[in-house]
Amino acid sequence: MNNDREAILKRVGEAVGGLADRTPYPSFRNDLGVSTARSLDGDLWEIFCERFVAVNGMPVETPDAMVEYLKTFGYTHGYCDPALRESLAPFFDSGFTLEESFDRQDIDRYQFGITRAHAAIAETGSVVVTDRLTSSRLAALAPWVHIACITRDEIIRDTVAAVADLGDDPNVVWITGPSKTADVEGILIEGVHGPGIQICLLL
Amino acid sequence: MIAVDRDPSPGKKVQLMATCLCDSFFDDVAVATVEVLEYLKCEVTFPEEQTCCGQPAFNAGDWKSSRKVVRHCVKTFAGDEPVVVPSGSCAAMVFHGALLEFEEESDLPEVRQLAGRTWEIADFIVNGLRVAEWPGKFPAKAAFHRSCHTRETNSGAATRTLLESIDGLELVPFGEGEQCCGFGGTFSVTFPNISAAMGKLKLGNALKENPEYLVSGDMGCLLHLGGIATREGKTIKTRHVVQILRDSLRNGGLIP
Amino acid sequence: MKSQPIDTYASELAEDVRRAVADGSASGYDRRAASLFSDFEDPDFLRRTAGDVKQHTLENLDTYLAQTEDRLKENGVEVHWAGDAEAACRAVLKIMRDNGATKVVKSKSMATEEIHLNDFLEREGIESLETDLGEFIVQIDHDHPSHIVKPIIHKNRQGIARSYEREGLGAYDDRPEVITARARKFLRKKYLEASVGLTGANFIVAESGRLVLVTNEGNSRFCLAGTDIHIAVVGIEKVIPRDRDLSLFLSLLGRSATGQQLTVYTEFISGPRAEGQPDGPRQMHVILLDNRRTEVLASNCRDILRCIRCGACLNVCPIYRQASGHAYRSVYPGPVGAVLSPLLAGEKFSELADLPKASSLCGACKEVCPVNIPIPDLLLRLRDKAKHEGIKSPGTPPMGGWAYLASQPTVWRASLSAGRLMNLMPLNLIPVPALRAWTKSRQLPEWRGGAFRKWMKTRKIGGKDS
Ligand code: SF4
Chain A
0 MNNDREAILK RVGEAVGGLA DRTPYPSFRN DLGVSTARSL DGDLWEIFCE RFVAVNGMPV
60 ETPDAMVEYL KTFGYTHGYC DPALRESLAP FFDSGFTLEE SFDRQDIDRY QFGITRAHAA
120 IAETGSVVVT DRLTSSRLAA LAPWVHIACI TRDEIIRDTV AAVADLGDDP NVVWITGPSK
180 TADVEGILIE GVHGPGIQIC LLL
Chain B
0 MIAVDRDPSP GKKVQLMATC LCDSFFDDVA VATVEVLEYL KCEVTFPEEQ TCCGQPAFNA
60 GDWKSSRKVV RHCVKTFAGD EPVVVPSGSC AAMVFHGALL EFEEESDLPE VRQLAGRTWE
120 IADFIVNGLR VAEWPGKFPA KAAFHRSCHT RETNSGAATR TLLESIDGLE LVPFGEGEQC
180 CGFGGTFSVT FPNISAAMGK LKLGNALKEN PEYLVSGDMG CLLHLGGIAT REGKTIKTRH
240 VVQILRDSLR NGGLIP
Chain C
0 MKSQPIDTYA SELAEDVRRA VADGSASGYD RRAASLFSDF EDPDFLRRTA GDVKQHTLEN
60 LDTYLAQTED RLKENGVEVH WAGDAEAACR AVLKIMRDNG ATKVVKSKSM ATEEIHLNDF
120 LEREGIESLE TDLGEFIVQI DHDHPSHIVK PIIHKNRQGI ARSYEREGLG AYDDRPEVIT
180 ARARKFLRKK YLEASVGLTG ANFIVAESGR LVLVTNEGNS RFCLAGTDIH IAVVGIEKVI
240 PRDRDLSLFL SLLGRSATGQ QLTVYTEFIS GPRAEGQPDG PRQMHVILLD NRRTEVLASN
300 CRDILRCIRC GACLNVCPIY RQASGHAYRS VYPGPVGAVL SPLLAGEKFS ELADLPKASS
360 LCGACKEVCP VNIPIPDLLL RLRDKAKHEG IKSPGTPPMG GWAYLASQPT VWRASLSAGR
420 LMNLMPLNLI PVPALRAWTK SRQLPEWRGG AFRKWMKTRK IGGKDS
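Residue numbers (numbering that gives the first Met the number 0), protein chains in the order written: chain A, 0 to 202; chain B, 0 to 255; chain C, 0 to 465.
To be clear, the hints were calculated from the coordinates, so they are not data collected in a lab.
Keep in mind that a hint or two might mislead.
[Stated by the list, open to error] Cut-off 20 Å, straight-line C-alpha distance, at most; resulting in silico cross-link-like pairs (SDA-like, lysine to any residue):
#1 C:LYS456 with B:VAL30
#2 C:LYS456 with B:TYR38
#3 A:LYS9 with C:HIS387
#4 C:LYS184 with A:LYS9
#5 B:LYS236 with B:GLY167
#6 B:LYS63 with C:ALA21
#7 A:LYS9 with C:GLU68
#8 A:LYS70 with A:GLY94
#9 C:LYS184 with A:GLN110
#10 C:LYS456 with B:GLY167
#11 C:LYS347 with C:HIS387
#12 C:LYS456 with B:GLU37
#13 C:LYS384 with B:LEU99
#14 C:LYS453 with B:GLU37
#15 B:LYS40 with C:ARG458
#16 C:LYS453 with B:VAL43
#17 C:LYS72 with A:ARG4
#18 A:LYS9 with C:ASP83
#19 C:LYS93 with A:TRP143
#20 B:LYS67 with C:VAL410
#21 B:LYS199 with C:GLY449
#22 C:LYS72 with A:ASN2
#23 C:LYS453 with B:GLU42
#24 C:LYS384 with B:GLU102
#25 B:LYS233 with B:GLY167
#26 C:LYS72 with A:LEU165
#27 B:LYS199 with C:LEU12
#28 A:LYS9 with C:ASN299
#29 C:LYS184 with A:TYR74
#30 B:LYS67 with C:PRO408
#31 C:LYS188 with A:TRP143
#32 A:LYS70 with A:PHE91
#33 C:LYS93 with C:GLY124
#34 C:LYS184 with A:GLN104
#35 C:LYS188 with A:GLN110
#36 C:LYS189 with A:ASP105
#37 C:LYS184 with A:ASP107
#38 B:LYS40 with C:MET455
#39 C:LYS72 with A:GLY166
#40 C:LYS456 with B:ASP26
This one's a predicted model, so the numbers in the text were calculated from it and none came from an experiment.
One chain only, chain A, in its complex shape:
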């Protein structure tokens, strides 16, 4: 394999070494890829909500509203990040079971998973989850409903700011709506491998 390394690097060097003039790195604004069509000025939570809804996400402003939703649709068994337990548990009544660890042997036992998110991106309606803040990757993925929790000051403006914020966490995921596919005849189906319902709860 090390031979391959030397050989590849040598071939690359030879391939580009003879180029008379090499294309320079172009100069462009960091936010060139950010749409200018819709304004990002104003309350970022509101903008986020609008965009999140556009990708079929569900923003929720209070724990009460979240619990009511879960109850209405019969999602009563779930996982909750231990760090969130204290603040959220009081909103759940006795009809719910909240687990603090995620059993990978029986992932379908969990109808919902509540985890802490790192941020949300207003421009794209994405929630940002990181390895350090997410208590369990599986809990944020396997249940039908995923609830990502953020605070108001964690909402960032656009993908430029979100890229700048990637930091040194080994695993950052921008989640833009529920898991989906259009592989079968182009028909949109949500909840392929991950959640069919993606909620963002404002703490």
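Keeping the supplied structure of chain A fixed, place chains B and C with the ligand upon it in accordance with the hints.
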């Protein structure tokens, strides 16, 4: 990417590159080109030695043969005057294709010199001569097919500008306008089935609103589409853009 | 006369498949256009800039690759280099054997398609399972993907439901939501059984060593939540210089592929799982794959290596729409494939030398390409290459006679008026059966050779003889 910059004020003495298709099938298009240019007070010369732009061999991958023809073309159209072509395809061959196949040839500068003063007719009228409104009248409904070789050039927009300004002429929109008509020169011969299917699709889209005319800046597209229409018993008059411009002048009594 | 394979394939394609491909690609095209043009005043500027970034990276790949390797290592990633398909497959196998692993779950990756990793692993007794819904269906059907982004664009729900029934995934039910739900149920067990999650990468950033993966289904996320070892097979051309480039590239990729501002799961992975994180790989390996990319880089077609595999050029290509992806007989179909596949074929170039011919050179592909690859120019260069190598092309007329005539003006003029040019005009410079095929569906206009020249000579200008 190879590209050329063109002199924005090209002058009124022009050389006409009539194209081999007009030379053999569509003489009226070449005639209309002359009449339109002369109406715009251009002095048109027609270098008699001209044959073809070299595109057939270029597209077929026979660049050696193509370069031979391009070299002849460069010789024929010597000088500094703009060369005007009633075809987006042949014009693009001169200002883009030829540069590509001469990339490593020592006479690239000569080819580039010709490329730098070669214009597709609508582009020349609008962006060279700065004429944005077309006089006369042409009361009819027409579908305009932007030919593919005018992509990423100014010709498509220039043609639209001219046609849309003509009194009485209504351009009908149609679906999948970006799709190719399926001609592609020898492509239509080597890929007869796909080519015909593409043509039928294009025709179906373009004729949906029942236009009287099908207009394009390339006789290749019209030869192909007109041919299919005839075979399918559809009635559609095919016209080169420059014929519409000329007829508009005639209808308005601006030229005989 | 032999005909062009892609044309023959298209003419024999079942009507329902042709329709499915045509409709699927047209809707992809529309979505792309809608999102780019409503969101940006000058999307072309974005495409050109992204193209320049990539071209710059390729032309300095020696520097950027070395930087990438350094960063990956600093991040705790094990870096492997694979000169060809065999070496890449062996590298995967070795990692698995070293760890006693026997099962892999895979998220969609063109690079692993290219090296035929599944077949290799199966021969070695390893279960390698595709988890992207489309790829999963392709795999149970022993079929091949026919589109870069929509692998089963050529299939309909009835066929899929029959395949499921055959494979014991449930009684016949062709509702797309049922098809999807059954795959969900089946695959989620598999993620947890496997010890290796295998992915490609859409980008790899030189300055940070970040791998970027995009999916809509979330399958790659599941591969990296359920397993213990992450192996990424990444073509060396996937490098981009800086993190700051990501906003632009992701914005273009999502919109060009499916008309989305961003795909649902955009993952930035720079190493094994964080401390304290209970799920996900403890080991991460990146296999940097050459497999003739350096040959392409050395050629005059290096621009094709800018490709970010968005599939937009397929969606807009009229030939792809008529012929479907399998007509291209290679992993990469459509315009990008017509350039890349023959180049990656190496000494088997001649077997795919017809692909660059399958284009009317309409340029629609270049117009939509998010990295502005001049695909028509590259197709032409490959035609030139084929001609140089003496590769015969069915139906392509010899041009020598025509070139001779077109550089002899006197003979040209004489032939024109004698109507003899008819036999040498580009259109008709063709073997007779092909002409018949042409005129079967089209009518040639009347021959008027020399008429314009006569008019030009004899007309009166402003009442005066010219
Ligand atoms: S060549 Fe361009 S349009 Fe085609 S798949 Fe690659 S990036 Fe997309």
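Verification of the hints:
Between C:LYS456 and B:VAL30, the direct Cα distance comes to roughly 11 Å. Compliance with the 20 Å bound is thereby established for this hinted pair. For the given pair, C:LYS456 sits about 18 Å from B:TYR38 by alpha-carbon distance, which is consistent with the 20 Å threshold. For the suggested pair A:LYS9 and C:HIS387, the alpha carbons sit about 28 Å apart, so the restraint of at most 20 Å is broken. For a cut-off of 20 Å, the pair hint linking C:LYS184 to A:LYS9 is broken: about 47 Å separates their Cα positions.
The suggested pairing of B:LYS236 with B:GLY167 holds, with an alpha-carbon distance near 17 Å, which does not exceed 20 Å. Of the pairs offered as hints, the one joining B:LYS63 and C:ALA21 is violated, with about 37 Å between alpha carbons and a cut-off of 20 Å exceeded. For the proposed pair A:LYS9 and C:GLU68, the alpha carbon gap of about 15 Å is at most 20 Å, so the pair holds. Among the hinted pairs, A:LYS70 with A:GLY94 is consistent with the structure: their alpha-carbon atoms are about 9 Å apart, no more than 20 Å.
Under the criterion of a C-alpha separation no larger than 20 Å, the hint pairing C:LYS184 with A:GLN110 is consistent with the structure, at around 14 Å. The hinted pair formed by C:LYS456 and B:GLY167 fails the criterion: a straight-line CA distance of about 34 Å is larger than 20 Å. With a C-alpha separation of about 15 Å, the suggested pairing of C:LYS347 with C:HIS387 holds against the 20 Å cut-off. The suggested pairing of C:LYS456 with B:GLU37 holds, with an alpha-carbon distance near 15 Å, which does not exceed 20 Å.
A threshold of 20 Å between alpha carbons decides the hint, and for C:LYS384 with B:LEU99 the separation of about 13 Å falls inside it, so the pair holds. Between C:LYS453 and B:GLU37 the alpha-carbon distance is near 18 Å, which keeps this suggested pair within the 20 Å criterion. At roughly 17 Å between alpha-carbon atoms, B:LYS40 and C:ARG458 fall within 20 Å of each other, so this suggested pair holds. The straight-line distance between the Cα atoms of C:LYS453 and B:VAL43 is roughly 15 Å, inside the 20 Å bound, and the hint therefore holds.
Proposed proximity of C:LYS72 and A:ARG4 is supported: the alpha carbons are some 14 Å apart, at most 20 Å. Straight-line distance between C-alpha atoms of A:LYS9 and C:ASP83 comes to about 15 Å, which keeps the hinted pair within the 20 Å bound. The hinted pair formed by C:LYS93 and A:TRP143 fails the criterion: a straight-line CA distance of about 36 Å is larger than 20 Å. Distance restraint check for B:LYS67 and C:VAL410: the Cα-Cα separation of roughly 16 Å lies within the 20 Å cut-off, and the hinted pair is therefore satisfied.
The straight-line distance between the Cα atoms of B:LYS199 and C:GLY449 is roughly 31 Å, outside the 20 Å bound, and the hint therefore fails. A distance of roughly 18 Å separates the Cα atoms of C:LYS72 and A:ASN2; the hinted pair therefore holds under the 20 Å criterion. For the hint pairing C:LYS453 with B:GLU42, the CA-to-CA distance comes to about 18 Å; that is within 20 Å, so the pair holds. A hinted pair counts as satisfied when its Cα atoms are at most 20 Å apart, and C:LYS384 with B:GLU102 qualifies at roughly 14 Å.
For the proposed pair B:LYS233 and B:GLY167, the alpha carbon gap of about 24 Å is over 20 Å, so the pair is violated. Between C:LYS72 and A:LEU165, the direct Cα distance comes to roughly 19 Å. Compliance with the 20 Å bound is thereby established for this hinted pair. With a C-alpha separation of about 17 Å, the suggested pair B:LYS199 and C:LEU12 falls inside the 20 Å cut-off, and the hint holds. This hinted pair checks out: A:LYS9 and C:ASN299 have alpha carbons roughly 19 Å apart, not beyond 20 Å.
Note on C:LYS184 and A:TYR74: the hinted pairing holds, with a Cα-Cα distance of about 18 Å set against a maximum of 20 Å. For the hint pairing B:LYS67 with C:PRO408, the CA-to-CA distance comes to about 13 Å; that is within 20 Å, so the pair holds. Under the criterion of a C-alpha separation no larger than 20 Å, the hint pairing C:LYS188 with A:TRP143 is consistent with the structure, at around 15 Å. A threshold of 20 Å between alpha carbons decides the hint, and for A:LYS70 with A:PHE91 the separation of about 9 Å falls inside it, so the pair holds.
Between the alpha carbons of C:LYS93 and C:GLY124 the distance comes to roughly 13 Å, so the proposed pair stays at or under 20 Å and holds. With a CA separation close to 14 Å, the supplied pair C:LYS184 and A:GLN104 stays within the 20 Å bound. For a cut-off of 20 Å, the pair hint linking C:LYS188 to A:GLN110 stands: about 16 Å separates their Cα positions. Distance check on the hinted pair: C:LYS189 and A:ASP105 sit about 13 Å apart at the alpha-carbon level, within 20 Å; holds.
Restraint check for C:LYS184 and A:ASP107: satisfied, since their Cα atoms lie roughly 9 Å apart, inside the 20 Å limit. Pair hint B:LYS40 plus C:MET455 holds up; C-alpha atoms about 17 Å apart against a cutoff of 20 Å. Proximity of C:LYS72 to A:GLY166 is assessed by CA-CA distance (about 17 Å); at most 20 Å being required, the pair is judged to hold. With a C-alpha separation of about 13 Å, the suggested pairing of C:LYS456 with B:ASP26 holds against the 20 Å cut-off.
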